[in-house]
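Asks: Let the sequences and hints guide you as you build the complete structure.
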Amino acid sequence: MTTGSFENTVSRGKLLEVNLTSRTDSILEIEEKDARKWLGGVSLGLKILYERIPRNADPLGPENLLLVMAGPLTGTLCPGTRQVVLHKSPHTGLENNSYIGGGVGAAIKQAGYDGIIISGISETPVWLEIIDQKVSFNDASKYWGKDAFYTEEKLKRETERPNAKVLSIGQAGENLVTYACINTDYYSQAGRAGTGAVMGSKNLKALLVEGTQPVRHYDTKAFIEVAKEAHLDLRESSGIYRFRRWGTASSIKWASDRDLQPTYNFQAGMYEDIDKINQDVHENEFWVKDKACYGCPVGCKKLGVLKTGPYKGTVVEGAEYELATLLGANCGIKSLDLLIKANDLVDRYGLDGISTGVTIGWAIEAFKNGVFEQDTGGVALEWGEADTILGLIKQIAMQNTELGKLLGKGVKHAAELKGNDSEKYAMQVKGLELPGWGSRGSPSMALAYATSDRGGCHMRSFAIIYDVTGASLPNGTTGTRWSTTGKGEAVADEQNKSFAKNSLVSCAFTGGTINNDRFVAMLKAGMGWEDYTLSEFIKTGERAWNLARLFNAREGISRSDDEKLPWRLFEDPLPTGEAKGHTVERKQLKALLDEYYTYRGWDMDTGLPTKEKLRELELEGYGL
Amino acid sequence: MGRPAVVINHRKCTGCRICVEICSTIHEGAIIEKGARISVTHEHPGFDVVMTCCQCSDPPCVPVCPVEAISFESPTAPVLIDAEGCIACGNCIDVCPIKAIWYHPSGDYAIKCDLCQGLAESPQCVEMCPSGCLEFRDYRSEPRQTPAEVAESLRKNLFAIEQIESKEES
Numbered sequence: 001m002t003t004g005s006f007e008n009t010v011s012r013g014k015l016l017e018v019n020l021t022s023r024t025d026s027i028l029e030i031e032e033k034d035a036r037k038w039l040g041g042v043s044l045g046l047k048i049l050y051e052r053i054p055r056n057a058d059p060l061g062p063e064n065l066l067l068v069m070a071g072p073l074t075g076t077l078c079p080g081t082r083q084v085v086l087h088k089s090p091h092t093g094l095e096n097n098s099y100i101g102g103g104v105g106a107a108i109k110q111a112g113y114d115g116i117i118i119s120g121i122s123e124t125p126v127w128l129e130i131i132d133q134k135v136s137f138n139d140a141s142k143y144w145g146k147d148a149f150y151t152e153e154k155l156k157r158e159t160e161r162p163n164a165k166v167l168s169i170g171q172a173g174e175n176l177v178t179y180a181c182i183n184t185d186y187y188s189q190a191g192r193a194g195t196g197a198v199m200g201s202k203n204l205k206a207l208l209v210e211g212t213q214p215v216r217h218y219d220t221k222a223f224i225e226v227a228k229e230a231h232l233d234l235r236e237s238s239g240i241y242r243f244r245r246w247g248t249a250s251s252i253k254w255a256s257d258r259d260l261q262p263t264y265n266f267q268a269g270m271y272e273d274i275d276k277i278n279q280d281v282h283e284n285e286f287w288v289k290d291k292a293c294y295g296c297p298v299g300c301k302k303l304g305v306l307k308t309g310p311y312k313g314t315v316v317e318g319a320e321y322e323l324a325t326l327l328g329a330n331c332g333i334k335s336l337d338l339l340i341k342a343n344d345l346v347d348r349y350g351l352d353g354i355s356t357g358v359t360i361g362w363a364i365e366a367f368k369n370g371v372f373e374q375d376t377g378g379v380a381l382e383w384g385e386a387d388t389i390l391g392l393i394k395q396i397a398m399q400n401t402e403l404g405k406l407l408g409k410g411v412k413h414a415a416e417l418k419g420n421d422s423e424k425y426a427m428q429v430k431g432l433e434l435p436g437w438g439s440r441g442s443p444s445m446a447l448a449y450a451t452s453d454r455g456g457c458h459m460r461s462f463a464i465i466y467d468v469t470g471a472s473l474p475n476g477t478t479g480t481r482w483s484t485t486g487k488g489e490a491v492a493d494e495q496n497k498s499f500a501k502n503s504l505v506s507c508a509f510t511g512g513t514i515n516n517d518r519f520v521a522m523l524k525a526g527m528g529w530e531d532y533t534l535s536e537f538i539k540t541g542e543r544a545w546n547l548a549r550l551f552n553a554r555e556g557i558s559r560s561d562d563e564k565l566p567w568r569l570f571e572d573p574l575p576t577g578e579a580k581g582h583t584v585e586r587k588q589l590k591a592l593l594d595e596y597y598t599y600r601g602w603d604m605d606t607g608l609p610t611k612e613k614l615r616e617l618e619l620e621g622y623g624l
Numbered sequence: 625m626g627r628p629a630v631v632i633n634h635r636k637c638t639g640c641r642i643c644v645e646i647c648s649t650i651h652e653g654a655i656i657e658k659g660a661r662i663s664v665t666h667e668h669p670g671f672d673v674v675m676t677c678c679q680c681s682d683p684p685c686v687p688v689c690p691v692e693a694i695s696f697e698s699p700t701a702p703v704l705i706d707a708e709g710c711i712a713c714g715n716c717i718d719v720c721p722i723k724a725i726w727y728h729p730s731g732d733y734a735i736k737c738d739l740c741q742g743l744a745e746s747p748q749c750v751e752m753c754p755s756g757c758l759e760f761r762d763y764r765s766e767p768r769q770t771p772a773e774v775a776e777s778l779r780k781n782l783f784a785i786e787q788i789e790s791k792e793e794s
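Protein chains in written order, with our numbering: chain U, 1 to 624; chain C, 625 to 794.
Please keep in mind that the hints were generated in silico from the structure rather than gathered at the bench. Treat the hints with caution; some may be incorrect.
Listed next, the in silico BS3-like pairs over lysine-lysine satisfying Cα-Cα at most 25 angstroms (straight line) [claimed, not checked]:
1. U:K587 / U:K564
2. U:K156 / C:K658
3. C:K658 / U:K134
4. U:K33 / U:K539
5. U:K424 / U:K368
6. U:K405 / U:K368
7. U:K307 / U:K276
8. U:K154 / C:K658
9. U:K276 / U:K409
10. U:K221 / C:K658
11. U:K154 / C:K780
12. U:K33 / U:K613
13. U:K307 / C:K780
14. C:K636 / C:K723
15. U:K228 / C:K636
16. U:K307 / C:K723
17. U:K14 / C:K658
18. U:K312 / C:K636
19. U:K156 / C:K636
20. U:K580 / U:K276
None of the values given here were measured: they were computed from a predicted structure.
Replies: The structure is reproduced here in structure tokens:
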């Protein structure tokens, strides 16, 4: 490949920047050495965030950027590639990288770009149309106030582009709920940490993109050959079979049986009513069709329709595991109908199902503890009640009641405002509500939450496998459920690998099954980097992880923040199940953190990257 | 015996578009949606309709071609368009009862499924289809529904919804 030429590569070598303040667009060329060093996706995105968003910038102000990044393998025959949304989070004050299914990344590539940067703020509601080189700014006043599904469908009709890809926000994003999400392909979300609020703050209701620029490979024949092998890996994998058959819902029963399923605001780890909402109920009563993201042979998305009952006619993809757990078990839902209606509402209004479920769970427990009886207008909040759960979802999205405004801030801030010990059961880390995997039954998972770049997130290292399923550790040994040695290294190692794959951008499920050597081979064939190596690939992941840490350190994060987990995890033992009596032990967490920082080459006291580490990762100039 | 063809089970399509990717890569050397000889159209509220030539036993596209650029070698061979000879008049596109012929992105000629003849040993979309939606077999090669008709009946079948416009939730 000749320097600076992306004519025949899977990368475009170009980013599109759209400034909403001045209503102008421009092209940012990527140098070939940067394409190789940063790849794309999370890595290139973090470089842009770090360089362009000043410290203490208001996440809902004009200095914040909204990035939609594809990667070199997005929109190619590599199975299971996605796209990532990045920005400074209004929910946590940290950087955020939130992954989204569907096909918008492929559309961005076909339009001729590796990613889109949205800067500035529009004075009035706007929707953007990007068709190849043509960017147009359109009045969105008729869509403002409408839900995300409605907006996507009407835009596709209005433009007569049924196959265009649309990113849209619902009312929650317009109302700047800090855990609002962005929707695409109706039922896929960039769910976490406020992607939709940033879009709403920019007065950007939707973005529609479609393109006609061919995506080429440096060596087409070689690329097809490796891609076909990767497709075969997935076809033959039994781990993938469960995703193909039940999607992430395959974990519902499994997690409850292992005491890992947050139940009644994390009071317990197993749900006695799990069989009313487990994957078999979905499969037998609800799902009508398997759905896949662009270029993915797995098809883990399950489209269903409620055929009877009070919410008859509701169509949605789901419920996937996190939503079934956090709006389901965690809020005490005992029927498929209610779970699916809750799923439909959070998707339409554009709310993160995880943060919404954790916040509602906290609200019900706090109400029962007498923390805010007056705020509900005299209405009792009850576990598993439709009026409570659907009512709170609406109030949070619409921001039309005092309670909705309180809960729209998320559990950290809501608990700080209400006090009365309600902080003890506010289930968040660094301001981000915890996902549906208990950590009192898994010490490694506690470390994964403590060290995740964006707070309570399970997608950087799913360390439960080292504790519960006996996955082998990087040091060659296998731990027991409650051991810690080697698991600090394991979490760091997996975070590096996940950020390498998130730079492509590979889906966590397919990316966990396809051998990393195949990704390297596809980069060679796709980009023409004949001497590209696996260690170079993993180093890109480690570099991106360190850069995320630098961004967050600039906002004030250090080791002491990593040691903070919710009171309940440290002090309130699990009452039932396999892990009965267990908590996260502070001493254990400290030992895990020590091992983790050592492996990372970070300072033991501050928990921040050392100068030597930054030099090793070619991050000179990115220090604090 | 009819003409073997790519046979579609619409219910099984997941909308992954791998068929479109591989078809355009095989034929055009690049991924370009409109260069594929198979199309996938996304429909509300979330399903996809795939369409490609069913290799009719009595193909109506053949007699309407003014320059005899569409032909088949035998009653069991695929119906092929000669890109060199095609004058892009659009007659075949108009007459195709299932909308399985369209213009090449260059606009210079019409394209349709050629079963990867001369390019690969078997139709590559079938080889890579992960859901069982596409099969290569000798079945009744008769045109039936257009993509719009398929969408309408699938919508009723899957969702029991007559009204396809979105209703907003308030």
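Asks: Which of the stated hints cannot be reconciled with the structure, identified by number in ascending sequence?
Replies: 9, 16
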